[in-house]
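> Now for the letters of each chain:
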Amino acid sequence: MKISSKAKLAATLMLGTMVLIATSIGWADAQVRAAVAEQQRCAEIAGALNNMRMVTFEYLLNRRERARLQEQAAWQRLDRLFTSPIALDEAAARILANLRSQGEASHRLFSEVDAAKPGAGAADEVQRRFETQLSSRILILQQDSLVGAERLINDAGARIDATQRRVVLITATGLAAMAILTGVAAWWFRRDVLAPIFRLELATREVAAGNWSFELDVGSDDELGDVARHFDAMTRALRDSFSQLEVSNRDLVALNKELESFSYSVSHDLRSPLRSMDGFSLALLEDYGDKLDEEARDSLQRIRGASQRMGRLIDELLGLARVTRAELKIQEVDLSAIAEEIARTLTRAQPERRVRWDIERGIVVRGDHQLIAIAFQNLLDNAWKFTSKVGDAVIRVGTRHEEGEPVCFVSDNGAGFDMAYSSRLFGAFQRLHHEADFPGTGVGLAIVQRVMHRHGWSLRADAALGRGATFYFHPTIRAGREDDRREQDHLVG
Amino acid sequence: MIEESKTILLVEDNPDDVALTMRAFKRSHLMNPVVVVRDGVDALDYLFSRGAYAERAGASLPTLIILDLKLPKLDGLGVLKALRADPRTALLPTVVLTSSKEQQDLVDSYSFGANSYVRKPVDFVEFVEAVKVLGLYWLALNQFPSR
Chain A
14 MKISSKAKLA ATLMLGTMVL IATSIGWADA QVRAAVAEQQ RCAEIAGALN
64 NMRMVTFEYL LNRRERARLQ EQAAWQRLDR LFTSPIALDE AAARILANLR
114 SQGEASHRLF SEVDAAKPGA GAADEVQRRF ETQLSSRILI LQQDSLVGAE
164 RLINDAGARI DATQRRVVLI TATGLAAMAI LTGVAAWWFR RDVLAPIFRL
214 ELATREVAAG NWSFELDVGS DDELGDVARH FDAMTRALRD SFSQLEVSNR
264 DLVALNKELE SFSYSVSHDL RSPLRSMDGF SLALLEDYGD KLDEEARDSL
314 QRIRGASQRM GRLIDELLGL ARVTRAELKI QEVDLSAIAE EIARTLTRAQ
364 PERRVRWDIE RGIVVRGDHQ LIAIAFQNLL DNAWKFTSKV GDAVIRVGTR
414 HEEGEPVCFV SDNGAGFDMA YSSRLFGAFQ RLHHEADFPG TGVGLAIVQR
464 VMHRHGWSLR ADAALGRGAT FYFHPTIRAG REDDRREQDH LVG
Chain B
10 MIEESKTILL VEDNPDDVAL TMRAFKRSHL MNPVVVVRDG VDALDYLFSR
60 GAYAERAGAS LPTLIILDLK LPKLDGLGVL KALRADPRTA LLPTVVLTSS
110 KEQQDLVDSY SFGANSYVRK PVDFVEFVEA VKVLGLYWLA LNQFPSR
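The listed protein sequences derive, respectively, from chains A and B.
Per the numbering used here, the first sequence starts with residue 14, numbered consecutively.
Per the numbering used here, the second sequence starts with residue 10, numbered consecutively.
Treat the hints as calculated values from the structure; they're not laboratory data.
Any given hint could turn out to be false.
[To be verified] Here are the simulated lysine-lysine pairs, DSSO-like style, with alpha carbons at most 30 Å apart:
#, chain 1, residue 1, chain 2, residue 2
1, A, K270, B, K82
2, B, K79, A, K398
3, A, K270, B, K141
4, B, K15, A, K304
5, A, K304, B, K35
6, B, K79, B, K141
7, B, K15, B, K141
8, B, K35, B, K79
9, A, K270, B, K15
[Claimed, not checked] Now the stretches of chain B that chain A is said to cover, found in silico as 3 or more residues with beta-carbon under 8 Å:
#, stretch
10, 43 to 50
11, 80 to 93
12, 144 to 152
Every residue gets a Cβ at the ideal spot worked out from N, C-alpha and C, and that includes glycine.
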């Protein structure tokens, strides 16, 4: 059964019990009221009977007209009380009927006494005896009536008591039923709702702690059973993707190790044959140069040139691999200081060149100092190289805002390039210029791109042939680190 | 002690590199005797007069060791470690001359007690220049406690 159905059932049962209790209380209240009304009526009847007895007695003693009128009134009142309807049980109704007939008899006898007014002579004696007889009968009747009325009152009182006891009993039973119902609901709530929730909470903690094999395995078909089944399905999916991740992670670690040993052996072994090629070519040139013709010497020079170029390529490739492998040490990095230092070194190396450096001060970002320095070395080397044929070279490093986000840029007014080839710009060994015009290996921008990528920053270029190039990067885009970003905004802005 | 007796121990397994290094010595007018050994074990045998070099017992130690890192049997770092562990060779000037410019190699060499770390350039002209500076510094300029 679903939890909602159970909850509905429990609520209905509770409501039913409460309605039952309310109804029985209402019924009992009506019973008590009726009994109280009956008792009151009985008391009134007893009062009227007593009154009638008093006036009858007084009339019989003194024969006053006033007492006779009072008897009339008392009887009328009594008759009214007898005729107005009243709900009574059988025994009480019998007593009441008896009372009524006694009352009627008593009144009739009173009328007879009244009719036989005392006269004079011998007849008086007979008359008086008759009168006395009548009076005695009236008084006996009235005495009986009083006893009956008394019994009626007592019966009504007993009925009130009984009804009150019944009310107490019904209310107590109802309350007990409600207590049992509440207990059952609580037990059920504990078993079917709280216990599964505790288990679910435990499962959440277990899975969060990395226990992927934890399963709830709840068989109930209610809502919490559904939740548990979904939870198990989620854990299974997580387990699967986690084990997949572990496998690919192991592969990656192995691959990284391989790359590392590859780089190491490249660094050690690949360069020494080149050294031999260069060294022995030079030895030939030096020792037998005079015996060789121009073409042979040119060939040997070409072998040397190629060996040296390959040496540079290997070095650059190792540099690229190092950027990929290096562990990031994130800290505050002063871009301006790095750029100024590189600018000074470049200017010192070629003091004859006239280049205007325009470096914004105080650009600080969060990143890896070493990698960022490598990226800037490559960016500024390029800018320096590609402005070598421009009269008034200008190299700029600065920031600006694009759609509220700070953007750093490095720009020059050098040779630039055709944006049609920009897709090849950041690939290793991709070159957009001829070696004869601008020497290079085509690894520099690949390194820059990789440094930016490792920081989670995006890099793009904007250029036109003959009108210089600008490289933009967004040092803000750091996956999932909102506070870092805010800090960066502050630092860059 | 006369200049010529200052022996150089060259630990290098690649014959091309040996020939080129010898040529570089000659071109930079370094006339010191050069002993070439081809692996790390040979180097230690020579230094401590063991194995094939047992008859050297009592002979003087070289003035300078030029050590490659990538060697058969025992590599350059192993040689360095053994040198620095022995009181006889603990202070012997040792220059690492290798192709690698891996950061890890540099750090390891200096931690194991190398006195210098020089990278062999591909360009032979630069190589001759490097060897010349090396020889000049370690054989002529540098002062060393006498044994």
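> Confirm or reject each hint.
Cross-check of the supplied hints:
Taking the CA atoms of K270 (chain A) and K82 (chain B), the gap is about 23 Å. The hint holds against a cut of 30 Å. Of the supplied pair hints, the one linking K79 (chain B) and K398 (chain A) is violated, its CA atoms being roughly 37 Å apart against a limit of 30 Å. For the suggested pair K270 (chain A) and K141 (chain B), the alpha carbons sit about 38 Å apart, so the restraint of at most 30 Å is broken. A C-alpha spacing of about 37 Å is found between K15 (chain B) and K304 (chain A), which places the hinted pair above 30 Å, so the restraint is violated.
As the CA atoms of K304 (chain A) and K35 (chain B) are separated by approximately 22 Å, the hinted pair is consistent with the 30 Å bound. With a CA separation close to 23 Å, the supplied pair K79 (chain B) and K141 (chain B) stays within the 30 Å bound. Between K15 (chain B) and K141 (chain B) the CA atoms are separated by roughly 16 Å; this keeps the pair inside 30 Å, and the hint holds. Between K35 (chain B) and K79 (chain B), the direct Cα distance comes to roughly 24 Å. Compliance with the 30 Å bound is thereby established for this hinted pair.
Restraint check for K270 (chain A) and K15 (chain B): the C-alpha separation of about 43 Å exceeds 30 Å, so the hint is violated. Check result for the stretch 43 to 50 of chain B against chain A: violated, 0 residues qualifying (beta carbon to beta carbon below 8 Å, three or more required). Counting residues of the stretch 80 to 93 of chain B whose beta-carbon sits less than 8 Å from any beta-carbon of chain A gives 0, not enough to reach three: the coverage restraint is violated. A stretch counts as covered by a chain when three or more of its residues have a beta carbon under 8 Å from one of that chain; for the stretch 144 to 152 of chain B and chain A the count is 0, and the coverage is violated.
The structure fails to meet hints 2, 3, 4, 9, 10, 11 and 12 from the earlier list, while all remaining hints are met.
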